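Q: Here's the letter readout for the chains.
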Amino acid sequence: MSVRHALLALLSEGPKYGLQLRQEFEERTGEVWPLNVGQVYTTLQRLERDGFVASDGDGGSSTQKAFQITGAGVAELDAWLRTPPDLSSPPRDELVIKVLVAVRVPGVDVHDVIQTHRRRVVELMQEWTRLKRDAGAQDVSLALVVDAELFRLDSVVRWLDAADSRLRRSAAVAKPLRDGHTPSAAPAQQLEAGARR
Amino acid sequence: MSALELSRVSKIYGNGASQVHALRDVELTVEPGELVAVMGPSGSGKSTLLTIAGSLEEPTSGEVTVLGVRLSHLSRNMRAALRRRCIGYVFQDFNLLAGLTAAENVSLPLELDGTSIKAARAAALEALDRFGLADRADRFPDDLSGGERQRVAIARAVVGERRLLLADEPSGALDSVNGESVMRVVRATCQDGVAGVVVTHDAQLASWADRVVFIRDGRIVDQTAQPDGPESLLEADPAR
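Protein chains in written order, with the working numbering: chain A, 1 to 197; chain B, 1 to 240.
If you are wondering where the hints come from, they were derived from the structure by calculation, not from laboratory data.
Quick caveat: nothing in here was measured; it's all calculated off a predicted structure.
Take the hints with a grain of salt, since some may be wrong.
Here are some, though not all, of the chain A residues that point toward chain B, as calculated from beta-carbon distances under 10 Å [said to hold, decoys possible]:
{"hint": "1", "residue": "G14"}
{"hint": "2", "residue": "K16"}
{"hint": "3", "residue": "H111"}
{"hint": "4", "residue": "V113"}
{"hint": "5", "residue": "R119"}
{"hint": "6", "residue": "L124"}
{"hint": "7", "residue": "E127"}
{"hint": "8", "residue": "A143"}
{"hint": "9", "residue": "L150"}
{"hint": "10", "residue": "F151"}
{"hint": "11", "residue": "V156"}
If you want the ones that stay clear, here's a sample from chain B, every Cβ over 12 Å from chain A, calculated [said to hold, decoys possible]:
{"hint": "12", "residue": "H21"}
{"hint": "13", "residue": "R24"}
{"hint": "14", "residue": "L56"}
{"hint": "15", "residue": "E63"}
{"hint": "16", "residue": "R84"}
{"hint": "17", "residue": "T101"}
{"hint": "18", "residue": "E104"}
{"hint": "19", "residue": "P109"}
{"hint": "20", "residue": "G114"}
{"hint": "21", "residue": "L144"}
{"hint": "22", "residue": "R184"}
{"hint": "23", "residue": "L205"}
{"hint": "24", "residue": "F214"}
Cβ coordinates follow ideal geometry from the N, Cα and C atoms, glycine included.
Pulled out of the complex, with its shape left as it was, chain A reads as follows:
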């Protein structure tokens, strides 16, 4: 989350004070990201140093200054909005590694491991959904934030479902692996390669 660019976005509507920016930031992000007021002023000072905002006071306390966005700040905000986030490199996914390892550990039922994670993710989704439900359909900012989290968690459940199904179908391969006899080198090498990711 870029606090820096969120503050520029709020300032693009007009000059504002630090406390006002903090309050509006929390409102616009569905109050899911609490923001420390010190963080607001530190970020504003850096934005001013970089020429992206200007303040109306000289040498006074930050709390008494109104800040406004500069032309360079508008350009910076526009560039940031259009720059895609880095989705390219696969993350080192701890869950994937746990499932890959569970396939190989003797005495561990990988399907139980998958179900444990599936349940926990669904429990998290229930909590997010409850947050959205209690807020009502009118709180669009909150709904956008919660939807993003729900879609992310949903993709984890889908992957777990697919892994569960794939492992059941290839039980003939998975069972000898658990017994310590690798039927062919290829699947084991794939697992090791995956676990090293």
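Knowing the structure of chain A, use the given hints to seat chain B on it.
A: Same frame as chain A, but now just chain B:
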């Protein structure tokens, strides 16, 4: 008194070598006002569970109790009467009658059960109003959006004195925003004291439930714990 109780319910289709165990010793209790999601992959037995809970099918063994009444103690006609009066069904493809308006679709089950046309229409209009569809009462299903059609189907399922709502993938054919509006209606219905059971393979839909039960190969294998409350989301991950 529980709204629904399944006790050691099993269902076997076929016989001999071609036997299929659709359900095995299923135990499930749903209280009034509770919304339970049954989540599992295709072929896990979740739709069979729903049809047996709704007395559309009989179990091979075990007992189903709806609102304190053991279904095995009822004659066929009495089971049908219980279905009409107490249980509402919602399906993925809505199953609305195309030749009837929204209000007529909703009032039909009451009329079939002997309620006067006038009283049935009043109850239907009240149900449609509760689900934000008052201005759609005289439209035909073809003139409604998918989300509106499903909300009409839910109104039809809970109109009158129905206390048990059974839904099979109720938002499966809808986009996520329309699916959400359907689940908001299902939740509101349960808050009024109706017990709900939704079967689905969709985690987003299931997450609207108070409790999610996981089914696999005809067995209930797990269920979610009581929630900690939304505050825990903000504390769960310091990096967030």
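Q: Would the hint on F151 (chain A) stand, with a C-beta cut-off of 10 Å toward chain B?
A: With a minimum Cβ separation of about 8 Å from chain B (threshold 10 Å), the hint on F151 (chain A) holds.
Q: Quick check on L124 (chain A) please, does its C-beta sit within 10 Å of some C-beta on chain B?
A: 8 Å, holds
Q: Using Cβ atoms only, decide whether L150 (chain A) comes closer than 10 Å to chain B, and label the hint accordingly.
A: 6 Å, holds
Q: Non-interface claim for R84 (chain B): all C-beta distances to chain A beyond 12 Å?
A: 31 Å, holds
Q: Check the non-interface label on R184 (chain B): least C-beta distance to chain A beyond 12 Å or not.
A: Answer for R184 (chain B): violated, closest chain A Cβ roughly 7 Å.
Q: Please check whether the beta-carbon of L205 (chain B) is more than 12 Å away from every beta-carbon in chain A.
A: Since the minimum Cβ distance to chain A is about 10 Å, L205 (chain B) lies within 12 Å and the statement is violated.
Q: Once the closest CB in chain A is found, is it more than 12 Å from H21 (chain B)?
A: 16 Å, holds
Q: Beyond 12 Å from every Cβ of chain A: is that where the Cβ of F214 (chain B) lies?
A: 7 Å, violated
Q: Looking at E104 (chain B) again, its CB stays over 12 Å from all of chain A?
A: 28 Å, holds
Q: For the hint on H111 (chain A), just tell me whether its beta-carbon gets within less than 10 Å of chain B.
A: 8 Å, holds
Q: Far enough from chain A: is every CB of that chain over 12 Å from the CB of T101 (chain B)?
A: 26 Å, holds
Q: Grab the minimum beta-carbon distance between G114 (chain B) and chain A and tell me whether it stays above 12 Å.
A: Answer for G114 (chain B): holds, closest chain A Cβ roughly 37 Å.
The structure fails to meet hints 1, 2, 4, 22, 23, 24 from the earlier list, while all remaining hints are met.
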